[in-house]
Amino acid sequence: MSTQLLKVSGISKSFPGVQALKDVQFELNRGEVLTLVGENGAGKSSLMKILSGIYSKDSGNIVLEGTEVEIDSPKAAQALGISIIHQEMNLMPHLTVAQNIYIGREPRTGLFVRARALNQRATELLTRLGIDLDPRELIENLTVAKQQMVEIAKALSFDAKVLIMDEPTSALTEAETETLFNLIEGLKASGTGIIYISHRMDELRRLSDRVTVLRDGAYIGTLDKADIDIPTIIEMMVGRHIEEGARPEARQHAHDDVVLKVEGLNTRHLLKDISFELRRGEILGFAGLMGAGRTEVARAIIGADPSEGTLIHIDGKPVKISQPSEAVAHGVGYLSEDRKLFGLLLEQDVNTNILLASLADYTNRFGFVNTEKGKRKSRDYVKALRIKTPSIHATTKNLSGGNQQKVVIAKWLARDCDILIFDEPTRGIDVGAKEEIYRLLNELVAQGKSIIMISSELPEVLRLSHRIVVMAGGRITGVLNNEDASQAKIMDYATRMGDEKEQ
Amino acid sequence: MNATPVTEKSPLRKPDGRTAGSTRSFLRAKLQQSLAFATLVVLLAFFSLANDAFFTWSNISGILLSTAVIGILALGTTFVIITGGIDLSIGTGMTLASVMTGIFLVNMQLPLVVGVLGGIATGALMGFINGFNIAVLRLPPFIATLAMMLIAQGLALVISGVRPIYFSSVQGFRDIALGTFIPGLPNAVLILFLLAAVAYLVLSKTILGRYTFAIGSNEEATRLSGVDTRKWKIMIYTVAGLFTGIAGVVIASRLNSAQPQLGAGYELQAIAAVIIGGTSLLGGRGSIMGTLIGALIMSVLINGLRIMSIQTEWQNVVVGAVILVAVFTDALRQRRAGS
Chain Z
1 MSTQLLKVSG ISKSFPGVQA LKDVQFELNR GEVLTLVGEN GAGKSSLMKI
51 LSGIYSKDSG NIVLEGTEVE IDSPKAAQAL GISIIHQEMN LMPHLTVAQN
101 IYIGREPRTG LFVRARALNQ RATELLTRLG IDLDPRELIE NLTVAKQQMV
151 EIAKALSFDA KVLIMDEPTS ALTEAETETL FNLIEGLKAS GTGIIYISHR
201 MDELRRLSDR VTVLRDGAYI GTLDKADIDI PTIIEMMVGR HIEEGARPEA
251 RQHAHDDVVL KVEGLNTRHL LKDISFELRR GEILGFAGLM GAGRTEVARA
301 IIGADPSEGT LIHIDGKPVK ISQPSEAVAH GVGYLSEDRK LFGLLLEQDV
351 NTNILLASLA DYTNRFGFVN TEKGKRKSRD YVKALRIKTP SIHATTKNLS
401 GGNQQKVVIA KWLARDCDIL IFDEPTRGID VGAKEEIYRL LNELVAQGKS
451 IIMISSELPE VLRLSHRIVV MAGGRITGVL NNEDASQAKI MDYATRMGDE
501 KEQ
Chain A
1 MNATPVTEKS PLRKPDGRTA GSTRSFLRAK LQQSLAFATL VVLLAFFSLA
51 NDAFFTWSNI SGILLSTAVI GILALGTTFV IITGGIDLSI GTGMTLASVM
101 TGIFLVNMQL PLVVGVLGGI ATGALMGFIN GFNIAVLRLP PFIATLAMML
151 IAQGLALVIS GVRPIYFSSV QGFRDIALGT FIPGLPNAVL ILFLLAAVAY
201 LVLSKTILGR YTFAIGSNEE ATRLSGVDTR KWKIMIYTVA GLFTGIAGVV
251 IASRLNSAQP QLGAGYELQA IAAVIIGGTS LLGGRGSIMG TLIGALIMSV
301 LINGLRIMSI QTEWQNVVVG AVILVAVFTD ALRQRRAGS
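Sequence order for the protein chains is Z and A. Last residue of the first sequence? That's 503 in full-length UniProt numbering, and every number before it is there in order. Last residue of the second sequence? That's 339 in full-length UniProt numbering, and every number before it is there in order.
Derived by calculation from the structure, the hints in this document are not laboratory data. Each statement offered as a hint is correct.
Pair by pair, the computed Cβ-Cβ distance ranges are:
| id | chain 1 | residue 1 | chain 2 | residue 2 | range |
| --- | --- | --- | --- | --- | --- |
| 1 | Z | D257 | A | A331 | 48 to 58 Å |
| 2 | A | L150 | Z | R136 | 37 to 47 Å |
| 3 | Z | A218 | A | L332 | 35 to 45 Å |
| 4 | A | L146 | Z | A446 | 53 to 63 Å |
| 5 | A | Q315 | Z | P107 | 45 to 55 Å |
| 6 | A | L332 | Z | G316 | 51 to 61 Å |
| 7 | A | A331 | Z | N398 | 16 to 26 Å |
Some, not all, of what chain A presents toward chain Z, calculated at C-beta under 8 Å:
| id | residue |
| --- | --- |
| 8 | K205 |
| 9 | T206 |
| 10 | I207 |
| 11 | L208 |
| 12 | R210 |
| 13 | A214 |
| 14 | S217 |
| 15 | N218 |
| 16 | A221 |
| 17 | V227 |
| 18 | G284 |
| 19 | R285 |
Dumping the calculated EDC-like pairs for lysine to aspartate or glutamate here, alpha-carbon to alpha-carbon at most 20 Å:
| id | chain 1 | residue 1 | chain 2 | residue 2 |
| --- | --- | --- | --- | --- |
| 20 | Z | K388 | Z | E347 |
| 21 | Z | K397 | A | E219 |
| 22 | Z | K272 | Z | E308 |
| 23 | Z | K320 | A | D228 |
| 24 | Z | K188 | Z | E176 |
| 25 | A | K231 | Z | E326 |
| 26 | A | K205 | Z | E347 |
| 27 | Z | K340 | A | E219 |
| 28 | Z | K397 | Z | D338 |
| 29 | Z | K434 | Z | D216 |
| 30 | Z | K225 | Z | E27 |
| 31 | A | K231 | Z | D305 |
| 32 | A | K205 | Z | E372 |
| 33 | Z | K146 | Z | E185 |
| 34 | Z | K340 | A | E220 |
| 35 | A | K231 | Z | D361 |
| 36 | Z | K397 | A | E220 |
| 37 | Z | K7 | Z | D58 |
Being a predicted model, the structure only gives us computed values, none of them experimental. Think of the CB as a built atom: it goes at the ideal place given N, C-alpha and C, for glycine as much as any other residue.
Chain Z on its own, in the form it takes in the complex (with noise of 0.2 Å):
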């Protein structure tokens, strides 16, 4: 029997605009965990919405078990047996484990649902693949990672010959990763061909057999398991050697006053007892692995979510912030790591967003914006942020992710901000806008302006951030200042349990 389970050649797939795969092949066989890796926009998703038939290809060859396949749609695809656990959750947590699990292939009699036979069938998958799960819970009830496990028992009672898996630790605590690496572990024993898609360099040495690497498009290499090392991959990824040598420019205004304390910041369910201080002129990185409450802090610090306890000063006053409206009034702005949904009015033109924060500085007493006023502010800083767009009435939604980021941080600057909050601020952005928006924030610190940087880009924290906070589990596990940082030490906090806090 061949161990060769699946064999991908020369695949392409354009959209209108983008060429989002060029020629790309790989080989998956049974029993193996082949691990794809690219950066952001490289096709990893285009590739595995092809063979999962949610895009159809322009070109190439799928050969499953030695016969040309063709997938023409997400049916065909488990027909064939080959199942997708996407990144983002698709359960209804509303229906039980067991509900989910057979979505659409329920046992009948009629009209009605045979419950028992349902339970039965689950209990019988659940228990094959060793997963201690109650199959009558709603999901509603599950940890992410018990629900994760539901998708994974969801994508194998199909009889998965394949099984796709996007990033499935993202949302994972350790315990619940080791977990899900036991499964996989299993699923090997058993044959399944595992194709697993991650950004974390551990993930991918421990698990993988082999390691295909996509960029911009295009098929790379692959990797045997003996050949794999890290920064021989992260070269294949980013296509020229990484210097790791770029830091921050070293703080023009170094005195140390501090524009922003925070102490005993609380949340509900997160956060515990978050303290630090933000000097003027700085960059202050927040790193940590999703999940760890960075974005929690940004949002609780500005009043958008609820927090306990918390004191805050600002320029060495103690304010109350309940509102984000009290966030700007003291001149604190928070840029939201998700443009389309906290970011942008999409609909709207460019230049309503860039002068969404700062419409009472163009409104007279009666309630009159002076439009042309506004309008002349708006060009003013289209051309300094040097934004792609057509004019400042097109619509921002079909300006590139870059220069969508552009306009939010011009809605910033037209407020004039102090400090601002910039949640991941490079997110779905090519290299050279990335380039541009590290020069603007070092311009910006340079003039004075203090900002807070929250990224999963460790590269990107070491470059830019002239001390870095470190988070896991809802507490800060450390402060790093630049020079003594390094993208493992980092990594080192970031991956310690809340308690184990180094003094």
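Given chain Z, work out where chain A should sit, using these hints.
What follows is chain A alone, placed relative to chain Z:
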């Protein structure tokens, strides 16, 4: 909209940053209005040809008069719908406002101006309470205003003792709606147009208008931008309440009585007018001009069908069908623009 629409379209303006893209989006915004406007013109032409009695000044002025109350309600509710909300309390709220006007003027015999302002204030107060319940207590607009609709209906009946209050004794009250400040044009129509002008200015030129669109486009992003969305939502619902109060006074004046049983169902007609006028129920998009045209389309339809001796029962069927067509056309246009 912009202050200088003519130059906006001109390709000569391109050097200062305007390009085809902005002109297109400008035209697209205009299209829905012109679509509604074209519908109105077609309807007018059709009924004029179908029946000689239609295009006479007395009939046209009748149509305008019958548009006034629904139109005023629709103007106020346009603001609410642009925020992505809904106000179901405007119909019976209007009734309560007219009953209170009756109480102030007839029972308490207060001066005309005071009674009228009292009636309007009743509407504004209801709007304020709606806004508070929605913005601060975070009730869904549908629920909050449904409750207010029932409360207003009940209060109107209780306060009036389920009897109409007649204004025959109140000097000059009837002139509010039926006087002719401009000869041949009932004042109610004048009020509608004046209010439309005010609403247009507020929606397009003031910070309240800008925030109305902003909240409707993305409330959370607006809030995170430091806009006190609670305060502004309360103001927006209060504005809708103000218009409700004015509609209450106008309808009382027109009927020369406060009819406590009237009013239910007016809210849906007003909402229909807003939607026919191209305002999106999803929020973020809409215009006063569209609402005015939408209200006129409804009145013209009903009047025309009546003149053609079509049974009342069928009139609603036709109006319903028009709403479907209007919204479907709009959705079609949106989908095309999206792809």
